[in-house]
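Participant: With chain A held as given, fit chain B onto it using these hints.
Those sequence lines, one after another, are chains A and B. So the mapping is simple: the numbering used here equals the position in the first sequence, first residue as 1, plus 12. So the mapping is simple: the numbering used here equals the position in the second sequence, first residue as 1, plus 12.
Treat the hints loosely; a few may be bogus.
Any copy, or any two copies together, can satisfy a pair, since identical chains are not distinguished.
As the list claims (entries may be wrong) - Derived pair list, reagent style EDC-like, types lysine to aspartate or glutamate, alpha-carbon separation capped at 20 Å: (1) 169 to 119; (2) 169 to 207; (3) 215 to 193; (4) 142 to 176.
Since the hints were derived computationally from the structure, they do not count as laboratory data. On a predicted model such as this, the values are computed, not experimentally measured, just so you know.
Number of protein chains: 2
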Amino acid sequence: MGASKRVSEAVIKRLPRYYRHLSILEGQGIERISSEKLALQMRLNASQVRQDFNCFGGFGQQGYGYNISSLLAEIRAILAIDRPHSLVIAGAGNIGRALTCFAGFEEMGFRIEALFDVDPAAVGTEVNGKPVLDMAEMEEYIRAHNIEIGVVAARRKAVQGIADGMVRAGVRGIWNFVPVDLVADVPTENVHLSDSICALSYKIAHEED
Amino acid sequence: MGASKRVSEAVIKRLPRYYRHLSILEGQGIERISSEKLALQMRLNASQVRQDFNCFGGFGQQGYGYNISSLLAEIRAILAIDRPHSLVIAGAGNIGRALTCFAGFEEMGFRIEALFDVDPAAVGTEVNGKPVLDMAEMEEYIRAHNIEIGVVAARRKAVQGIADGMVRAGVRGIWNFVPVDLVADVPTENVHLSDSICALSYKIAHEED
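Isolated chain A, as found in the complex:
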């Protein structure tokens, strides 16, 4: 199969979970796993796992199960994490800095090239070895370095303008951490921390219902 084959939204949502879990197994030196065992570990059902893997051409061998490194290679190709991606972060505040220090992204090939901020005290400093540059230079930088992903971690009022500038400069996707529903002409993923803590609060409050 080609890596560009379309798989259903539901399968796509499960792919990063499979990827995480299979990576842990591979790290433990495990080479093969049956759909039953994997399903049990991930609290899915085995026929679901088999159906998902069939979708992208991962075929288990009767009595042997799935080869973990082949599965991982297939999933990496579908998720397009078999090649590096360049990112810039707009906003060198706490969220922007934390993301820059999060080693996991670099390991997966998501390379943060620079941060941008309007605060003169931040501009010219470094975060985890990455430069903090003047927000006014962001579009030029994105063009010059052919940056693929723009990360939005700036103040709420500024974010739509920043996202517009990123798209104008040519980013192909936006990763938004600000609790605002951005409008953009490129694929966007939102991480709304306040929505998540509200959902937890709801679940706790209604646990006894």
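Facilitator: For chain B alone, kept in the frame of chain A given last:
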């Protein structure tokens, strides 16, 4: 209606978004809004908005629309964010520190009381005025201070043990930032940043399909 009335999962997922959007409108001094206008701003459809609000007893007035502060009060009660919540964070690394510095949570009533870490260099320091304490003291602290929510931002291998300790000590919910599927007997919300960036990578790669 009572705040404890059960509403559907789909409505619950939209509630934090309504809450965010209506809060912004309230901040702009707007008192009323029609379902049509709100739907347009939030890219939902108006009958959906009306149906959602009916669910929890928010009734618009023909020709006047919805009273924003009443709606917000209802949503706050349902999400249980009309009262304060206490949190501790296990892990004073970059994610733990960023969360501690994120002012938005305190404003919503989510009060981070302390961080816990195993690193002797971190223990005894402060993050944004909150103490970093020895991980060995966490359970005792949770019991003594009747902490409601445990935030997990520690190293991957330690997280299940930490979550177990939190539950044993009496937390009523867990907010997990580590890319591991935790097993816990209390409501859990996961923020899997690596899943989110993988999903974005997928969307970008398959945009042209």
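Participant: Next step is simple, just say for each hint if it's right about the structure.
Facilitator: We went through each hint and held it up to the structure:
Taking the shortest Cα distances, residue 169 and residue 119 sit within 20 Å of each other only across copies (17 Å), while inside one copy they are farther apart (32 Å). With identical chains, the CA atoms of residue 169 and residue 207 are at most 20 Å apart within one copy only, with a shortest distance of 18 Å there and 27 Å across copies. When the C-alpha separation of residue 215 and residue 193 is checked against a cutoff of 20 Å, the pair qualifies only between copies, where the shortest distance is 18 Å, while the shortest distance within a copy is 23 Å. Within a single copy, residue 142 and residue 176 get their C-alpha atoms no closer than 23 Å, and across copies no closer than 37 Å, so neither meets the 20 Å cut-off.
Checked against the numbered hints listed earlier, the structure breaks hint 4 alone; every other hint is satisfied.
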